Every structure is written in C-alpha cells, then in structure tokens.
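Chain by chain, the residues:
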Amino acid sequence: MAVVVGIGTVKGAWFATSDDRRTWQLSGPHHRGWEVTTFGLAPGGDVLLATGSTWYGAAIHRSSDLERWEQVVAGPAYPADADRKLNKIWSFAAAGDRLYAGVAEAGLFVSTDDAETWEPVVALNEHETRSGWQPGLGGLALHRILVDPADPDRIWVAISAVGVFASEDGGSSWELRNGGVQIAAPGDEHDIGYCVHCIVAHPDDSNRIWRQDHRGVYRTKDGGVTWDRIEEGLPGTGFGFPVVRDPATGTLFVIPLESDEYRMPVGGALAVYASANDGDHWTRRSEGLRDEPSFVGVLRGAMDVDGLPNGGVYFGTTGGELWWSADTGESWQRLPATFPRITSVKVLAT
Amino acid sequence: MAAVHVTIPSMLATLVGGERRFVVEADDLAHVVGAVFDRHPELRVHLLDEQGAIRPHVSLFHNDEAVRTLTGGVVDGDTVTVLQAVSGGCRGRLEPTRLVAWEVH
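From first to last, the protein sequence lines are chains A and B. Heads up, this note's numbering is the position in the first sequence plus 1, with the first residue counted as 1. Heads up, this note's numbering is the position in the second sequence plus 709, with the first residue counted as 1.
Simulated from the structure, these hints should not be mistaken for lab results. What you are looking at is a predicted structure, and each value in this text was computed from that prediction instead of being measured. Mixed in with the good hints, there may be bad ones.
Pairwise CB distance ranges (calculated) [as the list claims (entries may be wrong)]:
id: 1; chain 1: B; residue 1: 775; chain 2: A; residue 2: 226; range: 25 to 33 Å
id: 2; chain 1: B; residue 1: 743; chain 2: A; residue 2: 268; range: 34 to 42 Å
id: 3; chain 1: A; residue 1: 251; chain 2: B; residue 2: 743; range: 39 to 47 Å
id: 4; chain 1: A; residue 1: 132; chain 2: B; residue 2: 785; range: 47 to 55 Å
id: 5; chain 1: A; residue 1: 33; chain 2: B; residue 2: 781; range: 29 to 37 Å
id: 6; chain 1: A; residue 1: 64; chain 2: B; residue 2: 775; range: 31 to 39 Å
id: 7; chain 1: A; residue 1: 118; chain 2: B; residue 2: 785; range: 31 to 39 Å
id: 8; chain 1: B; residue 1: 777; chain 2: A; residue 2: 184; range: 38 to 46 Å
Built from N, CA and C at the ideal position, the CB exists for glycine as well.
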C-alpha cells in the first residue's frame, strides 16, 4: 500500500504519495488559499483536513479520495453564551468510535458519529483552573491529544501555555500532570503555566510519554505524574517543537532550536537528533540535510513517522521544505518543491 | 419576497461547488443571510462567529452600503456582497489541481 503524507501549509494542502518511498507523486494545492492546520482520520476511514482563517474561522473538511472534499457543517464550536471563540483546530485523535479534536482557544471536543457532529468536553474546557490559562506565542491552544489504545478512557492533552492534563475516566474529570517540569509562565494560584510543545506516547505503554517542552525535553514513566529531563547529547537549551517516536524501531526524534528567543536551528545548521534508547542519549542525524546555513523552524505538528520497516520520518519547515528519511533518520532527502510555510505533516496511510 | 443577488468571495465559493453568484428570495436582510445558509450551510461558520455576529474581518455590503447588523428590508434587484475585509483582486480562474511526479535518487 502506498504511503500518503499530508502537507499542510498556510496557503493550502498537498499530498505526497509513494509506493517505495523513493519516487513521490504530489497533488495540490487543495483548499488553495486556506491555512491547513492539521489532518486526521475519521473512524469510518475518511481523511480529515482542518482549515483556519483570520477572516473566515475554522472548519473541518472530509474526503474519501483526497480529491473531492465536503465540509463538516456541524463542526466543533463553543456554545453561543461562551466567552471565547474557536479560531483554530490543532489536532485529531481517534479512540474506537470516538474522535477528539483539540482547538484554540484551548478546548477539547468529541464526536461519536464519525466526525459529523461535535460536543465540547466540558469537564476540561471549564476546568477549575481555566481562568488562569494563558496563551503561548502560538496562542492558547490544546494542540496534542493522546489516547491509551489499551484503555480509551485514559486520555492526555497538552495545552500551551498551561500544561499536560490527564483523564482516567473518559474525559469526565481531569488533573494536571506536570511534576518535575520547569514552569514557563508563572501565573495564578493554580499549578499551571507549563508551556508544553508536544507529547508522544509509547504505543504499548501509555504511561511512558515523551515531552518537548518550552523548557526542555522530558519523559515520564508514570503517566505524567513525574517527569525527568532527558537532554544528554542535545545542543542548545533543549528548546524545540516536535517530538515523534518511530513505532517500528522505538527511535525518538526531535529538532532542537536555539532557545525561545531565537527559534532557529542551533548554529544555523538544520539538524535532527535521534535517540534509540528512550531518550537516555541523543545523536545528530543530519546526513543529506542542507550544508548551507539554515534559519528555518519546524513547528510542533510538522513532523511524523510512517511506522514501516526502516522507519520513515518526515518533517516540514517554516521555509516550505519537506524532508524525509527512509532509514530511521540516518539520511535525508528533500522533496523537490518549495511550499508555503508548513504547519502540519501527517502520515495518512501506509 | 424580493429576488436578491448574492456574491461571495472565491475562497468561500470553493467550499460550495464554485458558486460565487446566486439569487435568493427574501424580504429583509436577515432573511437574505438565512436563505444563503439554507442554500449553503457550510458558509455559516465562515460568516458568523459562535455568538452569531458577523466575523470582524468579513465585510457585508447591501447594495453600496457596508452593514454590520442584519437589519433593514430588501427589494427586487438588490445586491448583497460578501468581501474579505482586507483583500486584493484576482482576475484569473482558479486552476484545477495539478499532478506532478518526480524521480528522486
């Protein structure tokens, strides 16, 4: 089966398709002119694509063939009497027949009818700490959702700049899980202000989660109750956005940037760092990446893996380059195209 | 009921099968917008926010008058135009999706 990679940009989406991860077919732009913020898969199999617009708000679109798209009319929306607006859809996560969407202003929504209608997860959206939630540079966003495949009632979400929350009861109640993480934005009396950038879980043990945070790279082995810093071998301050884990080999990948002030590759050298031992140590894997100075960034949603043997890894830059590796990051190639600023890279089929 | 000519921006038209101009039957401005949503329910979220207000960066013109609230009557031949509040021009047609293939070695 072909690998299909969704490439979301500020000006539309493209899909790269390959049978061998050597030759790629590119289709697009789809939703030309719209910022495409993320992709997902509906329980029924349709590909989902989220658009956001300063002018026209956010919406979900679905397709069974990546050509004909239909907008979801009753998409996620805050109640009319809410004091906030939904301005961007950041991510999707499926759990059986449930599909979650994380949005900005930060909130979680759930659909139980194959993405046709959505309800707010009130216990989180109206959490007792809500009044103290503050945005990060990218806005007040619920941008990552993890669901335990073995127990879909166990859910973790990441909200910037608030922290990681977890639910053990299918979303009926939520607690903060940020023990040991350095706070980024001290605020009110609640233990919030953690600027989590991305989280990824072990597929067979959801208590093991890796976290790229504003303040560094961390991991937990107890579902987020306690976190330990894991930065041996990384350059810079530990700052970065994406963290992904190749399920085929267990290799972790991050892309370090030079501190929150500058947000550029350390030393002007675009580089991926990988860990084959759960984050105990990181090594540089940049063969094939640009030799010349590079000052692009890689956003939190712009990196993914395909899970195939010899793990395929993909990332897109704010400079519009799409890089991929078909050998677990040992070497990299660039798709011969320059896109608008890439906001999202998602493997949609393998 | 008056026949009102409605025009929407090309970006929104791409969501509704490319229909940029159409006619709706209505007797006031609120009904015009309601008739637009009956015809193309996809447009509601793009023109109005959750509180039902016209989005701040969406401009709505009734004939030559900019409106921010949906009050006032309409007569046969009136126009209602939706514009991006900050926008430029595009004279060309939207191009169809292109398919490109590369060999990478």
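Do the hints match the structure? See the list:
Taking 25 to 33 Å as the suggested C-beta distance range, the pair residue 775 of chain B and residue 226 of chain A does not conform, at roughly 55 Å. Taken as a hint, the range 34 to 42 Å is violated for the pair residue 743 of chain B and residue 268 of chain A, whose Cβ atoms sit roughly 58 Å apart. Roughly 55 Å separates the CB atoms of residue 251 of chain A and residue 743 of chain B, a value that falls outside the hinted 39 to 47 Å. Checked against the hint of 47 to 55 Å, the C-beta distance between residue 132 of chain A and residue 785 of chain B comes to roughly 52 Å, which is consistent with it.
For residue 33 of chain A paired with residue 781 of chain B, a C-beta distance near 35 Å keeps the hint of 29 to 37 Å intact. Taking the beta carbon of each, residue 64 of chain A and residue 775 of chain B are about 36 Å apart, inside 31 to 39 Å as hinted. Roughly 38 Å separates the CB atoms of residue 118 of chain A and residue 785 of chain B, a value that falls within the hinted 31 to 39 Å. Taken as a hint, the range 38 to 46 Å holds for the pair residue 777 of chain B and residue 184 of chain A, whose Cβ atoms sit roughly 42 Å apart.
In this structure, the earlier hints numbered 1, 2 and 3 are contradicted, and the remaining ones agree with it.
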